[in-house]
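Q: Take a look at the letters that make up each chain.
There are 2 protein chains.
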Amino acid sequence: MTRSVSEHQLAVEQLLGAGGYARAGRGGGAAESLPLTAALGRVLAADVHAPVALPPFDNSQMDGYAVHLRDLGDGPAAAGNGEPEGHLRLHVGAPVPAGSSPPPLEPGTAVPIMTGAMVPAGTGAVVPIERADPPRFPALSTGDGGQPVVQLPAGTPAGTFIRRAGSDIAAGDLALEAGTLLGPAQLGLLAACGLAEVAVRTPFRVLLLSTGDEVTEPGGPLGDGRIYDANTTLLEAALRDAGAEVLRTRVLSDDPEKLREALDTPPAAEIHLILTSGGISQGAYEVVKQALSGSGVEFPGVALQPGGPQAIGTLGGVPFLGFPGNPVSALVSFEMFLRPALTALTGAPAPRVALPARLTAPASSPAAKHQVRRGLYRDGRVELIGGPGSHLLNALAGSNALVHFPVGLSEAAAGDEVTVWLIGPVPPPAPPVPAPTHQELPS
Amino acid sequence: MTRSVSEHQLAVEQLLGAGGYARAGRGGGAAESLPLTAALGRVLAADVHAPVALPPFDNSQMDGYAVHLRDLGDGPAAAGNGEPEGHLRLHVGAPVPAGSSPPPLEPGTAVPIMTGAMVPAGTGAVVPIERADPPRFPALSTGDGGQPVVQLPAGTPAGTFIRRAGSDIAAGDLALEAGTLLGPAQLGLLAACGLAEVAVRTPFRVLLLSTGDEVTEPGGPLGDGRIYDANTTLLEAALRDAGAEVLRTRVLSDDPEKLREALDTPPAAEIHLILTSGGISQGAYEVVKQALSGSGVEFPGVALQPGGPQAIGTLGGVPFLGFPGNPVSALVSFEMFLRPALTALTGAPAPRVALPARLTAPASSPAAKHQVRRGLYRDGRVELIGGPGSHLLNALAGSNALVHFPVGLSEAAAGDEVTVWLIGPVPPPAPPVPAPTHQELPS
Chain A
1 MTRSVSEHQL AVEQLLGAGG YARAGRGGGA AESLPLTAAL GRVLAADVHA PVALPPFDNS
61 QMDGYAVHLR DLGDGPAAAG NGEPEGHLRL HVGAPVPAGS SPPPLEPGTA VPIMTGAMVP
121 AGTGAVVPIE RADPPRFPAL STGDGGQPVV QLPAGTPAGT FIRRAGSDIA AGDLALEAGT
181 LLGPAQLGLL AACGLAEVAV RTPFRVLLLS TGDEVTEPGG PLGDGRIYDA NTTLLEAALR
241 DAGAEVLRTR VLSDDPEKLR EALDTPPAAE IHLILTSGGI SQGAYEVVKQ ALSGSGVEFP
301 GVALQPGGPQ AIGTLGGVPF LGFPGNPVSA LVSFEMFLRP ALTALTGAPA PRVALPARLT
361 APASSPAAKH QVRRGLYRDG RVELIGGPGS HLLNALAGSN ALVHFPVGLS EAAAGDEVTV
421 WLIGPVPPPA PPVPAPTHQE LPS
Chain B
444 MTRSVSEHQL AVEQLLGAGG YARAGRGGGA AESLPLTAAL GRVLAADVHA PVALPPFDNS
504 QMDGYAVHLR DLGDGPAAAG NGEPEGHLRL HVGAPVPAGS SPPPLEPGTA VPIMTGAMVP
564 AGTGAVVPIE RADPPRFPAL STGDGGQPVV QLPAGTPAGT FIRRAGSDIA AGDLALEAGT
624 LLGPAQLGLL AACGLAEVAV RTPFRVLLLS TGDEVTEPGG PLGDGRIYDA NTTLLEAALR
684 DAGAEVLRTR VLSDDPEKLR EALDTPPAAE IHLILTSGGI SQGAYEVVKQ ALSGSGVEFP
744 GVALQPGGPQ AIGTLGGVPF LGFPGNPVSA LVSFEMFLRP ALTALTGAPA PRVALPARLT
804 APASSPAAKH QVRRGLYRDG RVELIGGPGS HLLNALAGSN ALVHFPVGLS EAAAGDEVTV
864 WLIGPVPPPA PPVPAPTHQE LPS
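Chains A and B supply the protein sequences, listed in that same order. If you read the first sequence in the numbering used here, its first letter stands for residue 1, the second for the next number, and so on. If you read the second sequence in the numbering used here, its first letter stands for residue 444, the second for the next number, and so on.
One or more of the hints may lead you astray.
Unchecked claim - Far from chain A, some chain B residues (derived; all Cβ distances over 12 Å):
| # | residue |
| --- | --- |
| 1 | 457 |
| 2 | 473 |
| 3 | 549 |
| 4 | 660 |
| 5 | 705 |
| 6 | 707 |
| 7 | 807 |
| 8 | 854 |
Stated by the list, open to error - So the derived list for chain B, only partly shown, Cβ under 7 Å to chain A, looks like this:
| # | residue |
| --- | --- |
| 9 | 627 |
| 10 | 671 |
| 11 | 770 |
| 12 | 868 |
As the list claims (entries may be wrong) - Simulated restraints, written as ranges between beta carbons of each label pair:
| # | chain 1 | residue 1 | chain 2 | residue 2 | range |
| --- | --- | --- | --- | --- | --- |
| 13 | A | 107 | B | 832 | 44 to 54 Å |
| 14 | B | 757 | A | 49 | 37 to 47 Å |
| 15 | B | 857 | A | 170 | 43 to 53 Å |
| 16 | A | 221 | B | 537 | 21 to 31 Å |
| 17 | A | 107 | B | 757 | 41 to 51 Å |
Derived by calculation from the structure, the hints in this document are not laboratory data. Think of the CB as a built atom: it goes at the ideal place given N, C-alpha and C, for glycine as much as any other residue.
From just these sequences and the hints, can you work out the full model?
A: Written as structure tokens, this is what we have:
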């Protein structure tokens, strides 16, 4: 039974979509309410409509003078020629700080108004302070020496430097859709709407089992022929990084009976997926395969390298996936199958950024398989790091991209374009602008 | 005093680099030791050299038969012609499971060996089980009926399907450099090296002050002329997302005296940066500017839109930055100045991915300024979302990219290439491979 990558991607997505997480919230998990900043990286459980308009009221875009609509004169007509016609001389009224609710503006009077402050009723436009003469606000208290006067350019078009109420979003309009991943801008928007809490989907919960006689927990001594367990740490971190919660259980031996016992033990919390790595291949000691024979779990071969052997099914009604045991195979399996399925089901994590990149050196790939190599991406080019071997964890740790060689591609030349998925930090590019000096800038 | 963007970027980087965080760890912050999975997203405090080789011993890359070097015969010579010459008939010895330490291999005997298992001394190569005749392992106990025999292809080159000890990394070699951001692969590598804990840099700690008479905490009623405080939530989330710790203090009024008091109060923990937003512009009620007049804090204008007004200096020896008060200006200031400086100083967060993108529509920009617009990036194209206004938080929340219009650019046409920084999820691209069906795959 050999499957294509996309067939297995679909199977994993369908497996999770038929599980308890989807049932809990009609496709979106159960919901919980959190204070805004605790909701960073979480997924919105329901649509949010703006309870207020943004901005809530017409306000000034600049520090300047609010001018009455009647005083603007032939503003719109003069707007096209680049230079205002003539000047206005207006009395200066009481200033409008941000946060105040000013009285209506009288024609013939201009009032100092600060950025973000509500424009008084009757305002036609705001003229920035630097276009005023004098180009600074009068002292806030003028004493008895008479009302100050300001000279402003005439011809300002109506509406200039006024931000209209609702110009960002109208009250009642959809602000954020259910399923939106909440980052700083989305949380800022919810705060601007006056919301202190937000309903988010509960996390997807994974029971991660490590198995195998040959693996030793990090921190202890390493016996002959044994290796340290990298997969459990790697997969736990990958799952947490993707927004999932992880319960981690260690099964100490390759005895299928022990594994069956562990799988039969009801977990402390509801589990949405059981995940193992290793023990699903063609060898003589494949603990997961042996423990699950007759369980209905399938062991398809997928046309993927690394990550060809896969296990998929349900155990006691809970979705089950088995990844192969080499660390690079386990990570590639996670990135190719589980991570996209989590995004589709839960709204998190963000999909990997996929980019075209040119190979820095030639490469070959088995034509019958989708090969995923590891590489270092920068500035549109990708250098392969390490060989195709699925044990090359150090090479993986020095990479920032998965490099895709699809089925049918056997040889690629330096300069050929491939698709990469970014999985780590990309070195910063050159600044997007040549840096001008002081002298080059207009004053 | 007008600065270019790159001048202010450098100034912010230098400010943080001269502060307490840099002094604590000779440029890298103080260190703390954490269990591996608690170190996800943290930054390595010191170089890690591999305490063991990876792999720790020569091991098999396949489930198959370990064959003695002497039995390989003219393997290397035959390797070039694609077909092995003749066959070997070998007795089958005791199998080698992963995790065991096998006795040396005798010439004339092949031993079943599982993926990852230590190859016995004397092994020349591993022949995969599917090339053996019979293509399956004999029953593990053969009783007294005589030693089973297996037929294997001759001509396998020495070293085939053996992963050499240290081929991923040699013991003592540099595994991860100080300053490495720890993701799943890096943590997996540390686990594979047998490390249960890792020394990481302590987080950068920010005191975030919200100010202003006109802003109201989300969750309460909104008075006339007032708006909800979006900036504090937005900046707190942006800082946390970047790996920083945030202490949040609310200053209830626009009274400079109150702000000075707040700034003079020694914080509960060591602070590496004091950050405010708002109150630094040209208006008549600029609380931060008034409170800090005479403090040595500078208020440069930067040739950036939005985000032109900036404040920078030190207060009581602690680095201080003041961002402008519009939410989009605050976020753009964070992304352009503080986030890159945090990456340079602390190793986190990962730099923004910068990409070329083609505009879907024409756009204009003030030639004297570096304009940063918000847009939706997908498949190499970017659509601008909302106008240039710095109050358009809903438009920002619907964007996934900052779009750069550098100094000197005033008009851009649809199809023109600009640089974007990805700040949010990019919709998944089409699958990187056409999906082959079962029938198209080799069996």
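Q: Let me make sure I understand: some of the numbered hints might not hold for this structure. Which ones are they, in numerical order?
A: 4, 13, 15
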